[in-house]
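Participant: Using the hints, position chain B against chain A.
Number of protein chains: 2
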Amino acid sequence: MTDTDQPSGPGSAVVLASGGIDSATTAYEARARGYDLHFFHTSYGQHTESKEYECARAQADELDAAFHHVETDHLARIDGSSLTGESEAVPDAADADEPVPDAADTDETDPNETPSTYVPFRNANLLSMAVAYAEANDCDAVFVGAHSEDHGGYPDCRPRFFEAFQRVVDTGTADDTHIQIQAPFVEASKTDIAVRGRELAVPYELTWSCYRDDEPACGTCDSCARRLNAFQNIGERDPIEYTDRPSHP
Amino acid sequence: MTDTDQPSGPGSAVVLASGGIDSATTAYEARARGYDLHFFHTSYGQHTESKEYECARAQADELDAAFHHVETDHLARIDGSSLTGESEAVPDAADADEPVPDAADTDETDPNETPSTYVPFRNANLLSMAVAYAEANDCDAVFVGAHSEDHGGYPDCRPRFFEAFQRVVDTGTADDTHIQIQAPFVEASKTDIAVRGRELAVPYELTWSCYRDDEPACGTCDSCARRLNAFQNIGERDPIEYTDRPSHP
Chain A
1 MTDTDQPSGP
11 GSAVVLASGG
21 IDSATTAYEA
31 RARGYDLHFF
41 HTSYGQHTES
51 KEYECARAQA
61 DELDAAFHHV
71 ETDHLARIDG
81 SSLTGESEAV
91 PDAADADEPV
101 PDAADTDETD
111 PNETPSTYVP
121 FRNANLLSMA
131 VAYAEANDCD
141 AVFVGAHSED
151 HGGYPDCRPR
161 FFEAFQRVVD
171 TGTADDTHIQ
181 IQAPFVEASK
191 TDIAVRGREL
201 AVPYELTWSC
211 YRDDEPACGT
221 CDSCARRLNA
231 FQNIGERDPI
241 EYTDRPSHP
Chain B
1 MTDTDQPSGP
11 GSAVVLASGG
21 IDSATTAYEA
31 RARGYDLHFF
41 HTSYGQHTES
51 KEYECARAQA
61 DELDAAFHHV
71 ETDHLARIDG
81 SSLTGESEAV
91 PDAADADEPV
101 PDAADTDETD
111 PNETPSTYVP
121 FRNANLLSMA
131 VAYAEANDCD
141 AVFVGAHSED
151 HGGYPDCRPR
161 FFEAFQRVVD
171 TGTADDTHIQ
181 IQAPFVEASK
191 TDIAVRGREL
201 AVPYELTWSC
211 YRDDEPACGT
221 CDSCARRLNA
231 FQNIGERDPI
241 EYTDRPSHP
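Protein chains in written order, with UniProt numbering: chain A, 1 to 249; chain B, 1 to 249.
Keep in mind that the hints are not guaranteed to be accurate.
Identical chains blur together in the list; that is why a pair holds if it fits in one copy or across any two.
To be verified - Simulated pairs of lysine to aspartate or glutamate, DMTMM-like, Cα-Cα distance not exceeding 25 Å:
#, residue 1, residue 2
1, Lys-51, Asp-73
2, Lys-51, Glu-71
3, Lys-51, Asp-175
Everything labelled a hint here was simulated from the structure, so no lab data went into it.
Isolated chain A (complex conformation) (with noise of 0.2 Å):
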């Protein structure tokens, strides 16, 4: 290593941006760590997905990030999910058989419990859009934003998937390749990232997390009740509006 004035940070980072609080935290815990940062946003048929892409966006841009944006109907067509399907409404949090855990309940909850939210393989099929993209950019990592309150529900969020995962993409890019799947938040709780991320500053106005596609945010889906919870916890005010928002908690 030569000594120079300007020592050379981690390399380039994918983010991918969901548009939500957890992936708005994890890319401004990226660039924390000193990584060059790609926005890598997917619209695959969400039904929130001009609010999500909006946001990611106007992150990307207080970043100074580049913005990938890909869009493709495989998931949708599938038709798994209530995320993205006709047949299923999304439940509210109370309704559903699926409790909104609070922050101490970080383990997992009933493993064969799949909540109507669940797009089958759907972080496989993002990280594996993302990879791609790294490998041919020369990114050294890509960074995703799950944490412990989806480990319960959703399978490929828990560790175990990612360090699978790790294997894949070494054993699936070039052999001069080395891209490191980075999930700083895995362990932790959604009040957790909150903490973090009022410490990074970020922009949590920029974020959208209801399963609805209504403004305001509806304040009652499962993704709503649990932002509400986190920001509860660590005793401030959700910057954005609620069409009804409860009592917390």
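Facilitator: Only chain B this time, still in chain A's reference frame:
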């Protein structure tokens, strides 16, 4: 297990169907093993897509199989390969640094040599799509027609890649989902595939392998050269037409 007159078969299988001889033979192999078949064909921007689609569709019709067609632009937009991008011409086998192996040469060639036709992380992307479809449709297996002559230049065609991907499937799908990745020819040569295909009466007139998009097939690109070599080795004439059929070998 109950005693019935009609024992159930192994179930249903998704076949990654490119339209070429490897995946066609793989589909017939899966059918010979008793699976109900779902052809899964992806248009990802490859130059030869219209011929590939036409052939995959015709094979599915021959086998009375379901046919699922996905269009996505994300691999083409990355533009890392001469198969999808506009910046590189597909090389002739005779001009390339990538020698066409003969049937006996099934060892790995230089693992650092990545051909221009390499699409970054392609098989991870195709398998991820197929597994999502398989999970949503309660299929039991995903078949892929990889073979040993691609081990050198294409890391995502090697046994260790498929073994790693199986672990991603096991960890990343719902806990009551069990999908086997099957690559029946992963240790076979293209000649071995042609031998098996002859046994299975695969209609090779309904296949397309050429990397160029003109009809008839060029006869000189790497893929044509390998295909012609396989037919030469089994002592049969390839039933498709060629612009330039070399005296071989």
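Participant: Quick one: Lys-51 to Asp-175, C-alpha cut-off 25 Å, is that within a copy, between copies, both, or neither?
Facilitator: Neither, since 39 Å and 31 Å both go past 25 Å.
Participant: Is it within, between, both, or neither for Lys-51 and Glu-71, if the alpha carbons may be no more than 25 Å apart?
Facilitator: The answer is both: 15 Å in one copy and 24 Å across copies each meet 25 Å.
Participant: Since the copies are identical, ignore which copy is meant and state whether Lys-51 and Asp-73 lie within 25 Å (CA to CA) inside a copy, between copies, both or neither.
Facilitator: Result: close both inside a copy and across copies, 18 Å intra and 22 Å inter.
The structure fails hint 3 only (numbered hints given earlier).
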